[in-house]
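Q: Here are the chains, one letter per residue:
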Amino acid sequence: MQYTLAEQERKRKRRENQVGYAFMLPSLLFFFGFVIFPMGMALVTSFTNYSMTSFDFVGFTNYVNAFKDKVFLQASWNTIVIVLVSVPVVTLFSLWVASVVYKMGNAASSFYRVIFYLPIVTGTVAVTVVWKWMFNNYYGLLNYVFTNLGIISKNINWLGNPAYALWCIITILLTTSIGQPIVLYISALANVDPSLVEAAEVDGANNLQVFWKIKWPQIMSTTLYILVITTINSFQCFALIQLLTSGGPNNSTNTIMYKIFQHAYQYNQYGYGNAMGVLLALLIAVFSYFQFRLAKTDNE
Amino acid sequence: MTAALLLSLAGLAFAAEKTSITLWTYPIGGWGNREIVDGILAAFNEKYPNIEVSVEYLNYTDGDVQVTTAIESGTTPDIVMEGPERLVSNWGKAGKMLDISDLWTEEALADISAVSEAVVAACKSPEGVYYEFPLCMTTHTMGINYEVFEKAGALQYLDQETRTWTTENFEKAMQALVDDGVAVPGIIYCGGQGGDQGTCALAMNLYSASFTNPEHTAYTMNSEAGIKGLQKLVDMVNAGLLTADTGIAAADELQLFANGTSAMTLAWNAANASNYAANVDFTPYAMAFPTNEGNPELAGGIWGFGIFDNGDAARAEAAKEFIRFVTSDADQGPKSVYATGFFPVRASFGDIYTGSEKESFKEFSVFMPYLGDYYSVTPNWPVQRTEWWNLLQRIFNGGDVAAEVEVYVNNANAKLEAFRRQMPGTCRPSL
Numbered sequence: 001m002q003y004t005l006a007e008q009e010r011k012r013k014r015r016e017n018q019v020g021y022a023f024m025l026p027s028l029l030f031f032f033g034f035v036i037f038p039m040g041m042a043l044v045t046s047f048t049n050y051s052m053t054s055f056d057f058v059g060f061t062n063y064v065n066a067f068k069d070k071v072f073l074q075a076s077w078n079t080i081v082i083v084l085v086s087v088p089v090v091t092l093f094s095l096w097v098a099s100v101v102y103k104m105g106n107a108a109s110s111f112y113r114v115i116f117y118l119p120i121v122t123g124t125v126a127v128t129v130v131w132k133w134m135f136n137n138y139y140g141l142l143n144y145v146f147t148n149l150g151i152i153s154k155n156i157n158w159l160g161n162p163a164y165a166l167w168c169i170i171t172i173l174l175t176t177s178i179g180q181p182i183v184l185y186i187s188a189l190a191n192v193d194p195s196l197v198e199a200a201e202v203d204g205a206n207n208l209q210v211f212w213k214i215k216w217p218q219i220m221s222t223t224l225y226i227l228v229i230t231t232i233n234s235f236q237c238f239a240l241i242q243l244l245t246s247g248g249p250n251n252s253t254n255t256i257m258y259k260i261f262q263h264a265y266q267y268n269q270y271g272y273g274n275a276m277g278v279l280l281a282l283l284i285a286v287f288s289y290f291q292f293r294l295a296k297t298d299n300e
Numbered sequence: 001m002t003a004a005l006l007l008s009l010a011g012l013a014f015a016a017e018k019t020s021i022t023l024w025t026y027p028i029g030g031w032g033n034r035e036i037v038d039g040i041l042a043a044f045n046e047k048y049p050n051i052e053v054s055v056e057y058l059n060y061t062d063g064d065v066q067v068t069t070a071i072e073s074g075t076t077p078d079i080v081m082e083g084p085e086r087l088v089s090n091w092g093k094a095g096k097m098l099d100i101s102d103l104w105t106e107e108a109l110a111d112i113s114a115v116s117e118a119v120v121a122a123c124k125s126p127e128g129v130y131y132e133f134p135l136c137m138t139t140h141t142m143g144i145n146y147e148v149f150e151k152a153g154a155l156q157y158l159d160q161e162t163r164t165w166t167t168e169n170f171e172k173a174m175q176a177l178v179d180d181g182v183a184v185p186g187i188i189y190c191g192g193q194g195g196d197q198g199t200c201a202l203a204m205n206l207y208s209a210s211f212t213n214p215e216h217t218a219y220t221m222n223s224e225a226g227i228k229g230l231q232k233l234v235d236m237v238n239a240g241l242l243t244a245d246t247g248i249a250a251a252d253e254l255q256l257f258a259n260g261t262s263a264m265t266l267a268w269n270a271a272n273a274s275n276y277a278a279n280v281d282f283t284p285y286a287m288a289f290p291t292n293e294g295n296p297e298l299a300g301g302i303w304g305f306g307i308f309d310n311g312d313a314a315r316a317e318a319a320k321e322f323i324r325f326v327t328s329d330a331d332q333g334p335k336s337v338y339a340t341g342f343f344p345v346r347a348s349f350g351d352i353y354t355g356s357e358k359e360s361f362k363e364f365s366v367f368m369p370y371l372g373d374y375y376s377v378t379p380n381w382p383v384q385r386t387e388w389w390n391l392l393q394r395i396f397n398g399g400d401v402a403a404e405v406e407v408y409v410n411n412a413n414a415k416l417e418a419f420r421r422q423m424p425g426t427c428r429p430s431l
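Protein sequences, first through last, are from chains A and B.
The numbering of the first sequence is our numbering, which starts it at 1 and goes up by one.
The numbering of the second sequence is our numbering, which starts it at 1 and goes up by one.
Just so you know, the hints here were simulated from the structure itself, not pulled from any lab data.
Watch out, some of these pointers could steer you wrong.
[What the hints assert, rightly or not] Facing chain B, a subset of chain A residues (Cβ under 10 Å, in silico):
1. ASN136
2. ASN157
3. LEU159
4. LEU243
[To be verified] Now the stretches of chain B that chain A is said to cover, found in silico as 3 or more residues with beta-carbon under 8 Å:
5. 120-132
6. 183-196
7. 237-247
[Stated by the list, open to error] Here are some chain A residues the structure puts well away from chain B; computed CB gaps all over 10 Å:
8. GLU7
9. MET52
10. TRP158
11. PRO162
For every residue, glycine included, the Cβ atom is placed at its ideal position computed from N, Cα and C.
All chains should be modelled from the sequences, with the hints used to inform the complete structure.
A: What follows is the structure, given as structure tokens:
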């Protein structure tokens with residue numbers, strides 16, 4: 001009898017698994033067709049001189065050329081600067097805003113969530129058009145305000161000056177990146193077990209101690225997710241560059257993503273573009289690995 | 001009786017058989033306007049009811065991306081409307097376009113040659129294969145704010161009859177504007193490749209340099225005249241006579257011209273004159289680019305049709321019928337050109353603007369004799385374009401002109417050479 005019950009249980013589990021896989025199948029097909037297969041193709045074609053007219057195996061030539069390409073190296077550096085600046089700033093600013101907002105009432109909390117989420121809902125192109133106007137050299141809001149306040153004596157060509165252009169891009173990127181982390185942090189902070197916080201307070205812990213010893217460990221998984229997602233988004237910064245600077249001036253805002261686009265779609269050098277794409281994926285993987293390691297250590 | 005019935009049924013079936021083709025068009029004047037194109041299609045379908053044409057409208061921001069994606073995924077349209085730099089030098093060279101030499105009848109060849117041999121040469125590959133059948137052409141010019149120039153007393157430096165000015169007088173005119181308090185006389189934009197025909201033409205005309213060699217096998221702005229022209233621009237910027245803006249491209253510069261911020265634009269032509277006509281409260285006045293010898297060489301624009309090789313003979317034939325109708329039909333041809341706002345490549349079409357709503361477009365006909373070498377058919381042109389605006393960015397940010405031009409020419413020529421090695425036979429004959 002026991003054997004029969006165990007057998008039935010196994011059958012039931014097998015059936016459940018089969019149903020589960022059947023439900024997953026459409027997503028898996030989509031995932032393999034539109035993610036795994038293109039990734040594999042990108043890897044394979046990165047070893048070819050794939051263009052509109054040729055498809056010959058060239059070994060590591062594209063990779064060697066990438067490391068000899070001064071513009072690619074500069075684009076890589078710019079990309080890393082964007083990541084190193086935007087990821088900590090986005091994470092810390094989001095945490096700060098969320099830690100203030102989550103304590104508010106429902107109406108106020110929702111209001112601020114909407115405000116900070118607006119740039120994401122609005123769409124990159126619309127946001128970029130507004131920023132482009134604000135940065136305009138001739139009639140832009142920034143120059144108008146800063147000259148009238150006496151902060152600058154004459155108009156600055158914000159997007160046309162290599163000293164400022166990348167920082168302008170990072171500034172816009174920050175505004176479009178903080179919405180989701182803020183919403184996530186608000187939820188995470190609201191889910192922190194209040195009994196633990198109360199216990200710590202009863203034991204005499206101050207606000208800072210409550211945050212670092214009680215709340216921070218409990219929102220670590222959210223932090224890790226935000227770090228990884230923000231890192232990937234920052235590495236893949238493209239639309240802002242294309243719409244605002246085309247990588248200029250003097251390649252000071254060129255990024256790996258924009259360079260991949262240039263080679264793939266403007267010069268039709270698909271193989272070389274894919275090689276740079278593989279290098280970008282490796283770079284993201286390395287950064288993400290260290291972020292996971294860091295988060296794991298903190299958890300321990 | 002039965003035979004007659006069968007024949008009539010077959011006839012009905014034949015009459016009902018429709019060929020569907022697709023046209024992708026860049027915004028070439030009115031050919032980017034659905035209402036206008038619908039009118040052209042209606043006229044076509046009156047004559048060819050069995051050919052159904054569906055149209056997709058591309059733009060210059062991501063149109064090339066769409067075409068490239070279509071080529072790689074095997075979903076190209078039947079017909080594409082653009083210039084030889086894309087149809088011949090890019091997609092034709094890559095073997096993606098059909099040879100449409102049969103559209104180039106003796107009559108068409110003679111008619112188009114009578115207007116410009118350069119147009120004929122630009123539409124065929126170095127091997128003599130025609131990948132484009134042209135519809136219209138224009139020259140790219142400068143535009144000035146007539147009233148601002150008048151107020152500053154700068155009109156004296158213009159030859160208003162020939163619409164030309166010398167390099168010396170150009171400098172004097174800019175000085176007059178500055179002396180009159182004009183904050184932004186003109187902008188040399190180099191924030192991207194958009195409208196680079198203007199900056200190229202200005203730099204090369206100042207001292208009559210050549211952008212490429214006659215064979216279009218090498219870029220040559222490192223000549224003494226080329227360097228002198230670019231140095232002159234840098235000097236004028238440093239003297240405050242011009243503004244160099246590494247943050248904007250032609251579209252932004254045109255806006256600044258249209259709203260009166262800048263007194264001059266380098267990206268003017270008949271289509272832009274039409275587009276901005278309702279938005280300006282001054283008189284935009286077209287001018288040739290200044291030159292030291294009084295013989296400007298203006299960059300041209302040639303637009304026409306090509307057919308992608310989709311392996312379907314019936315669709316290809318239908319596409320050819322469409323091209324014949326819109327470009328060569330005695331009644332429709334001039335209307336098709338009129339829709340663009342540019343000028344016919346066929347001598348037989350004559351003056352299409354006199355007495356029309358677009359009579360002011362005739363202003364641009366004076367520039368046709370200045371049409372210079374169509375150097376944008378140089379193979380691998382898109383790569384050079386990036387090198388060019390990056391060169392301008394470097395020299396306007398303090399780089400040594402001679403050294404930076406050398407870097408530009410070396411880079412552009414090295415990439416051109418690499419492209420030629422990859423695709424043998426990309427050396428074009430002289431126009």
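Q: With reference to the structure, classify each hint as holding or not holding.
A: Comparing the hints with the structure gives:
1. Restraint check, ASN136 of chain A versus chain B: the minimum CB separation of about 8 Å is within 10 Å; hint holds.
2. With a least beta-carbon distance of about 5 Å to chain B, the hint placing ASN157 of chain A at the interface is held under the 10 Å criterion.
3. A hinted interface residue such as LEU159 of chain A counts as satisfied when its beta carbon comes closer than 10 Å to some beta carbon of chain B; here the least separation is about 4 Å, so the hint holds.
4. At its closest, the beta carbon of LEU243 of chain A sits 9 Å from a beta carbon of chain B; the interface hint therefore holds under the 10 Å criterion.
5. For a cut-off of 8 Å, the count of residues in the segment 120-132 of chain B with a CB near a CB of chain A stands at 0, and the three-residue condition is violated.
6. Evaluation of the coverage hint for the segment 183-196 of chain B: fulfilled, as 5 residues show C-beta separations to chain A shorter than 8 Å, against a requirement of three.
7. Look at the segment 237-247 of chain B against chain A: 3 of its residues bring a Cβ nearer than 8 Å to a Cβ of that chain, three or more, so the hint holds.
8. Consistency note on GLU7 of chain A: stated as away from chain B, and its beta-carbon is indeed over 10 Å from all of that chain's, at 51 Å minimum.
9. Distance to chain B contradicts MET52 of chain A as a non-interface residue, since its nearest Cβ pair spans about 4 Å, not more than 10 Å.
10. Separation of TRP158 of chain A from chain B is inadequate, the least Cβ-Cβ distance of about 7 Å not exceeding the 10 Å criterion.
11. The Cβ of PRO162 of chain A sits about 6 Å from the closest Cβ of chain B, inside the 10 Å cut-off, so the non-interface label is violated.
Figure legend: structure checked against the earlier numbered hints; hints not met, in rising order: 5, 9, 10, 11.
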